[in-house]
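**Student:** The residues making up each chain are set out below.
Protein chains: 2
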Amino acid sequence: MSIVVVGSVAFDTIETPYGKVKNAIGGSSIYFSLSASYFTPIKLVAVIGTDFPEKFCKLLEKHNINLLGLKRIKGKTFSWEGRYCNDLNRAETIRTNLNVLNKFLPELPKQYRKTKYVFLGNIDPKLQLKVITQITDPELVLCDTMNYWIETQKENLLKVLKKVDIIVINESEAKQLAQENNIIKAGKKIISLGPKSIVIKRGEYGVFYMNDNTILSIPAYPVENVKDPTGAGDSFAGGFMGYLIKSINENKNKNKLNIRNIFNALIYGSIMGSFCVENFSVKSFIKLNYSQINRRYNEYIKIIGLNLK
Amino acid sequence: MSIVVVGSVAFDTIETPYGKVKNAIGGSSIYFSLSASYFTPIKLVAVIGTDFPEKFCKLLEKHNINLLGLKRIKGKTFSWEGRYCNDLNRAETIRTNLNVLNKFLPELPKQYRKTKYVFLGNIDPKLQLKVITQITDPELVLCDTMNYWIETQKENLLKVLKKVDIIVINESEAKQLAQENNIIKAGKKIISLGPKSIVIKRGEYGVFYMNDNTILSIPAYPVENVKDPTGAGDSFAGGFMGYLIKSINENKNKNKLNIRNIFNALIYGSIMGSFCVENFSVKSFIKLNYSQINRRYNEYIKIIGLNLK
Numbered sequence: 691m692s693i694v695v696v697g698s699v700a701f702d703t704i705e706t707p708y709g710k711v712k713n714a715i716g717g718s719s720i721y722f723s724l725s726a727s728y729f730t731p732i733k734l735v736a737v738i739g740t741d742f743p744e745k746f747c748k749l750l751e752k753h754n755i756n757l758l759g760l761k762r763i764k765g766k767t768f769s770w771e772g773r774y775c776n777d778l779n780r781a782e783t784i785r786t787n788l789n790v791l792n793k794f795l796p797e798l799p800k801q802y803r804k805t806k807y808v809f810l811g812n813i814d815p816k817l818q819l820k821v822i823t824q825i826t827d828p829e830l831v832l833c834d835t836m837n838y839w840i841e842t843q844k845e846n847l848l849k850v851l852k853k854v855d856i857i858v859i860n861e862s863e864a865k866q867l868a869q870e871n872n873i874i875k876a877g878k879k880i881i882s883l884g885p886k887s888i889v890i891k892r893g894e895y896g897v898f899y900m901n902d903n904t905i906l907s908i909p910a911y912p913v914e915n916v917k918d919p920t921g922a923g924d925s926f927a928g929g930f931m932g933y934l935i936k937s938i939n940e941n942k943n944k945n946k947l948n949i950r951n952i953f954n955a956l957i958y959g960s961i962m963g964s965f966c967v968e969n970f971s972v973k974s975f976i977k978l979n980y981s982q983i984n985r986r987y988n989e990y991i992k993i994i995g996l997n998l999k
Numbered sequence: 691m692s693i694v695v696v697g698s699v700a701f702d703t704i705e706t707p708y709g710k711v712k713n714a715i716g717g718s719s720i721y722f723s724l725s726a727s728y729f730t731p732i733k734l735v736a737v738i739g740t741d742f743p744e745k746f747c748k749l750l751e752k753h754n755i756n757l758l759g760l761k762r763i764k765g766k767t768f769s770w771e772g773r774y775c776n777d778l779n780r781a782e783t784i785r786t787n788l789n790v791l792n793k794f795l796p797e798l799p800k801q802y803r804k805t806k807y808v809f810l811g812n813i814d815p816k817l818q819l820k821v822i823t824q825i826t827d828p829e830l831v832l833c834d835t836m837n838y839w840i841e842t843q844k845e846n847l848l849k850v851l852k853k854v855d856i857i858v859i860n861e862s863e864a865k866q867l868a869q870e871n872n873i874i875k876a877g878k879k880i881i882s883l884g885p886k887s888i889v890i891k892r893g894e895y896g897v898f899y900m901n902d903n904t905i906l907s908i909p910a911y912p913v914e915n916v917k918d919p920t921g922a923g924d925s926f927a928g929g930f931m932g933y934l935i936k937s938i939n940e941n942k943n944k945n946k947l948n949i950r951n952i953f954n955a956l957i958y959g960s961i962m963g964s965f966c967v968e969n970f971s972v973k974s975f976i977k978l979n980y981s982q983i984n985r986r987y988n989e990y991i992k993i994i995g996l997n998l999k
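Top to bottom, those sequences are chains A and B.
Under my numbering, the first residue of the first sequence is numbered 691, with each subsequent residue one higher.
Under my numbering, the first residue of the second sequence is numbered 691, with each subsequent residue one higher.
In isolation and in its complexed conformation, chain A is listed as follows:
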């Protein structure tokens, strides 16, 4: 079973201490989809301009990503320019051109509307709402958001949160949304706004999960050569949700959100994030295969001590 994904498609111009790329392909929906596609098929809902290369659409399709919901409209694709200095945890935005994203009104193809699993990527909460209301009977909905929407679209964002099962969010944004500096307090507050559980992404430090009666915390897979952190959070979310859906489908009789599945999903999410940062743009995902993912899983398990028990 597949995941309907809505989010941005972008041309990214990025500078880090390790190099620079110009108009490379990115955007929340692209990172999520490529990452999740290693676990489950994807149905993409997004908008691109006339300048978006057909060749890249072919690559997405090769990754089991359905493009019926990818709308090409007149104009330029959304673009972003950013820079990371020594602190690879923090991007400085130099320029954002919304372009076709300004005119985007997601209309789901009929074939998408009965999908049970939905990821509302980082995009205007109004668009997230527009997508979720078109899904007939959603079973598991995840969402992400960012500081900009917390500041400018709080009301719509709160409406989204009421419809969401799991929110996946950066630590600084979780604290901003909850107006709490402590991660446990922030998690509790956000859960009280609607989601049954919260995944807080802590960049190179790992990831923190919380629901009403469980806390899980894992450190990130340590990467020695980080080239470009862009997309790491969406790649995490793709691996996390992709693995969750895969394990729900493989274990039809079990509780779909048991803690073991969630824990493993956090691990696979972190692995996908770690591959993402090892190269610029989506380069890591172009040649990535399952045996590399499994090899990293086995290394990771040792690093976090799971082989010792």
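Bear in mind the hints are in silico, worked out from the structure with no lab data behind them.
Treat the hints with caution; some may be incorrect.
If chains are identical, the list can't say which one is meant, so a pair holds when it fits in one copy or spans any two.
[Stated by the list, open to error] In the DSS-like style, the derived pairs of lysine-lysine whose C-alpha atoms are separated by at most 25 Å in a straight line are:
| id | residue 1 | residue 2 |
| --- | --- | --- |
| 1 | Lys-712 | Lys-879 |
| 2 | Lys-710 | Lys-875 |
| 3 | Lys-936 | Lys-992 |
| 4 | Lys-886 | Lys-992 |
| 5 | Lys-816 | Lys-865 |
| 6 | Lys-793 | Lys-764 |
| 7 | Lys-820 | Lys-875 |
Starting from the structure of chain A, add chain B where the hints point.
**Tutor:** Then chain B, alone, in the frame of chain A:
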């Protein structure tokens, strides 16, 4: 078997968003000793002034901390004043008065010199050297240091590192010492300076261990009500080394530094750090008992997924 500990004893004046204490007892050797005393006996090497309360010495002795090496000299005890704002990971130093620490020349009691296990707490590297050269046949030596010594005493610090088995150090200071921004690269570089392994303390994010062929990483035990982070790093080191020595003594035939012991030592270190931050000064340790430590161990194991495998 016991650990010889050298480090500071201090009167701390601390302000955090959750309160203020004035001239409370602190210092690296005190936090380390109280924390480690839950696992193994301690022999303390430090200096205090005439103003240091006898009552507190009694409390240390009750914790199985031998005070033969605690020298009382004329003058005032070392004192420090600091403030934490919203970022509890960073202290702002308002005032440091070295006082008797200026005249400190550690002279180890005869009964201390045959001790096999040594912790060189955060103190002038010259004093760390002076202690280690008085130990007849050290088997396992750990050290800590800080930015001030990296900047002003690099040469002596490098001499210390040549005599040390494990360095326990903050992440920012590891990066400063190694002049590397990546944690794996910083770890490798510091290992090349002498220590067989390195423990990098990441505050509320956890702790990272590395030797020539192993990496371990664990997230911190999440604390909902942090009151005062002062001493957390030394309390971590005390729990870490205390547990290591306890497990060496309990398993005489086994390799003293096997990965399972080190992993558990990281967990016990983190637990002791988590108790430390829940109260001002050393208050948490005054009433702490083993059953509380064990209870937290069992919770922690679930949070980091060790019960799932």
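**Student:** Could you work out which of the previously given hints the structure breaks and list their numbers from low to high?
**Tutor:** Hints 1 and 7 not satisfied by this model.
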